[in-house]
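Peer 1: So you can see what is in the structure, the chains are spelled out below.
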Amino acid sequence: MFRYIVRRLLQMVLTFFGATFMLFALVFANQKDPIQALVGERPVSESQRIALTERYHLDEGFFMQYWYYMKGLFTGDFGTSMTGRKNWEMMADAWPVTLRLALIAIVIAATFSVTMGVYSALKRGGVFDNVSLFITLVLLAMPIVVIAPLFQLIFGIELGWFPPTATRDATVWQLLLPAIVLACIVIAPEMRVTRTAVVENLRADYVRTARAKGLTRTRVIWVHVLRNSLIPVVTLIGVDLGGLMAGAIVTEHVFNIPGVGFNLARAIKTEDGPLVVGFVSILVILFLFINLLVDLLYAALDPRIRYE
Amino acid sequence: MDVLPGIDPRAPLLEVSDLHVEFRTQYGVAKAINGANFWLSAGETLAILGESGCGKSVTAQAIMGILDTPPGYVTQGQIKYRGVDLLKLSENERRKVRANRIAMIFQDALSALNPVYTVGFQLGEVFRKHRGMSRSAAKQRAIELLDQVKIPAARTRVDDYPHQFSGGMRQRVMIAMALALDPEVLIADEPTTALDVTVQAQIMGLLADLQRERNMGLILITHDMGVVADVADRISVMYAGRVVEEAPVYDIYSRPAHPYTRALLESIPRLDMKGQQLSVIRGLPPVLTDVPKGCAFNPRCAYARDACRQDPAPPVYQVSQQPHRTARCHFFREVIGE
Amino acid sequence: MSDLNTVTTAEAPGGQPNVPRSPVKKDKPRSLAGDAWADLRKRKIFWVSVVMVAIVLVMAAWPTLFTTADPGACALSNQYKGPTGAALFGFDYQGCDIYAKVIHGARNSIVVGVLSTALAGVIGLFFGLAAGYFGGWLDAFLSRFVDIMLGVPFLLAGIVLSNRLSSDPKSDGIFAVTLTLGLLSWTSGARVMRSAVISAKNQDYVAAARMLGSKPSRLIFRHIVPNSIASYVVLLTLLLGINIASEATLSFLGVGLKNNAISWGIMISEGTQFARTEPWPLVWPALFLGVTVLAFIMLGDAVRDAFDPKLR
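Residue numbers (the numbering used here), protein chains in the order written: chain A, 1 to 308; chain B, 1 to 338; chain C, 1 to 312.
Derived by calculation from the structure, the hints in this document are not laboratory data. In this text the structure is predicted, and so the values were computed from the model without any measurement. Take the hints with a grain of salt, since some may be wrong.
[Said to hold, decoys possible] Calculated cross-link-like contacts (lysine-lysine; reagent style PhoX-like; alpha-carbon spacing at most 20 Å):
#: 1; chain 1: A; residue 1: K71; chain 2: A; residue 2: K86
#: 2; chain 1: C; residue 1: K215; chain 2: C; residue 2: K201
#: 3; chain 1: A; residue 1: K269; chain 2: C; residue 2: K201
#: 4; chain 1: B; residue 1: K96; chain 2: B; residue 2: K150
#: 5; chain 1: A; residue 1: K269; chain 2: A; residue 2: K86
#: 6; chain 1: C; residue 1: K215; chain 2: A; residue 2: K269
[What the hints assert, rightly or not] Chain C stretches covered by chain A per the calculated footprint, using a threshold of three residues with CB under 8 Å from any CB of chain A:
#: 7; region: 52-59
#: 8; region: 127-135
#: 9; region: 181-191
[Said to hold, decoys possible] Partial chain C-side listing against chain A, Cβ under 7 Å, derived:
#: 10; residue: L40
#: 11; residue: R43
#: 12; residue: S143
#: 13; residue: D147
#: 14; residue: G151
#: 15; residue: L289
#: 16; residue: L294
#: 17; residue: I297
For each residue, glycine too, the CB sits at the ideal point set by N, CA and C.
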């Protein structure tokens, strides 16, 4: 187990450097006029040019720039945005909002997908099962750019059940509708996997044993069957993580939530390279760590799996 | 322990009469059991013998009340435990009969045990849910049980998962689980089929010992005539969902009364027949959605005549009073007489 | 790529009675594709998706069959006007005919979707084959490379790359978006192809062909590819749906199609801004995009179910 974690961490280091390097190259390499690119549309004075050249090591090679950036990253200096604010300050504002949003979304998604998935599996072939299969197919196919604005329109503006946009503090109540939108990305695949897994496990021999032991149906399903069925569901969370991040960008944009996605989208539009690279570097680290965590959770859920 | 209403301690331990079970699938109705009759007394071992698919496992599941419904339905008959018809009980009463009074062990212990829970949890669960014990008390009882089925180092192994045990040890765990609440009836569905021959003997020995200690009634479901000869008192031979012959073990081996039993016995390899060709039963067991008219065995039977090919199927003939023997063959005298 | 050691559960020998698994009929033996087709033909969802895909394709190829109006002809005097005659869906903020724009938007969606999927398909096929067939360090390198690509969430990379590729302020962004999606979306295909090749490589008939002295190229294109191509094509159908959605997402965020290129994503973005006053300019493009993506995903889903014997 220990060796497995060490090996995974080493792989993660490699992936991290590879990914940030690619990103860095995409944003900064081979620019005709890097200073103009940094500043965007605004005119630049000569003194600004000198200051920027020095700050971003523009007179040195691309690899050196990457090296300086990484050095900063590991000494806690996430760089400075083109707006003049420190990147980590902006992140400190944005991250809690996004984490809150993601957490609400995951709680909603997990509750819905597991209960509905189990119910669907128990009543398979029934009306509920067929209707939910169709709804999940539609949800599965609907891009978030369709769901987010339509939900905002229907439930936020027309019906007025939820606040259609968030303010600076982004309260839980304001985040509820966007979290439901975000949850939609995960609910469909997870509900389907739960359903399939429960259907398969209901046929398993150990279910017969559990019934022969005189356990109640409730206990057989929620203790014996569900525990086995959750194994594939948990793996899926790792797979869905990328989708969830993409969803967060669009959702925050639509609902005006001052989180990571919102800031990132704005940074890209204003061509604020340093801020983009700063945000994405942290996202990549987070993404890799959660994936590792999911794998470890997988092993904890299924004792038959040993990592070597 | 809960008291079942109408229980009669003097009534037979278990009595199955005219049991019918069918599976309603999308391809038609499969009649898995078409009138099974047998009984079991305390301390006795009844072997139910037959090829795979003859309905012996379904019989066991019907007694336990763990048929998968749908597609399986008990359509007719009685299953009486100490005079109480289990089929008339509510699901909740039925549930309490399981493990408390009638318990079951399964063929493949690896898949029959839940892979994600420790053996101790699965054993202790019985005490916690039926006896309301605490987790720690239940675990203590689990260790004792593992000891009783002779699993070495029970105290440490109780925290292991099923896949960490060998096949034989796993089957011991199954036995421990079934015996946890001192049931009066134990149904063992092919308990040794998945095991090595040497381990088979150990497990059968253990089962026999535990049965003697507790004076349990044991229903042993198997297709292995060798296993039966050593441990069973009586044998019920099943074919296509019916008990075709029922007799004490000695009589059945020496003078079978049904052509199917006879054919089964002739297909056992024997040392004194070395060098001769082993006889086999011609043809295949019937598909249960399409059972032949009359006696289901008639297409494969050497004794078959016109009467065998017409409905109704042969009734239960009394072959002898003492010992009690029955057979479902119009020509049992001819079969037994040779 | 997995480091898992799973103890496989033993198959339980049948405790069930002899119930036939399928209707007992005397059919002549059929191929997998024949079986799949027979299965597909019976599915309603397959035919529904085929019809939907066909309509979208016709719309993309000959938009004038559906509308004669010029989607670029907008008059501010028409702002938010309700449906009139040919303009079935009314007019948007800038006074453009929503119906005409939505119909003409299909072409860019399909063009970007098909071209980027084709590009991803070729790259994935090539890398997957190479990694699976040659194995060794090449496989290790390519697998690590895929891991790195998957280390950056797809949309993040898409935003940055697309933004970078469309540096020309006057371009419509079609080329940049197509290239972006093609370059980023081949990884899942490569993985599928790689494992298909690895499992095919161990088949007896491939080993036999190798022993008979077949050249590697012949082995790949005659024996391995035909046996793995079905699942790959299904994957690409699904990817086509995803890429159409991704194009809309990038356009929505302002880094996809731009200037005067018509895109459902841009229409949704504009519609969202003024949804409080007038919802229809948002609803129509959202519905068209949703239904189009749904059609491709449903088609891919149905075909995959039919081709996967395990699910039957």
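Peer 1: Work down the list of hints and note, for each, if the structure agrees.
Peer 2: Okay, the hints, checked on the actual structure:
1. A:K71 <-> A:K86: 16 Å, holds
2. C:K215 <-> C:K201: Roughly 14 Å between the alpha carbons, so the hint for K215 (chain C) and K201 (chain C) holds.
3. A:K269 <-> C:K201: The given pair, whose Cα atoms are some 48 Å apart, is violated under the 20 Å limit.
4. B:K96 <-> B:K150: 28 Å, violated
5. A:K269 <-> A:K86: Since the Cα atoms of K269 (chain A) and K86 (chain A) sit roughly 19 Å apart, the hinted pair holds (cutoff 20 Å).
6. C:K215 <-> A:K269: 52 Å, violated
7. 52-59: Violated: only 0 residues of the region 52-59 of chain C have a Cβ under 8 Å from chain A.
8. 127-135: violated (count 0)
9. 181-191: violated (count 0)
10. L40: Violated: closest Cβ of chain A sits about 16 Å from L40 (chain C), beyond 7 Å.
11. R43: Violated: closest Cβ of chain A sits about 13 Å from R43 (chain C), beyond 7 Å.
12. S143: The hint is violated - S143 (chain C) has no Cβ within 7 Å of chain A, the shortest such distance being about 11 Å.
13. D147: 5 Å, holds
14. G151: 4 Å, holds
15. L289: With a closest approach of 6 Å, the L289 (chain C) hint holds.
16. L294: With Cβ-Cβ at 4 Å, under 7 Å, it holds.
17. I297: 4 Å, holds
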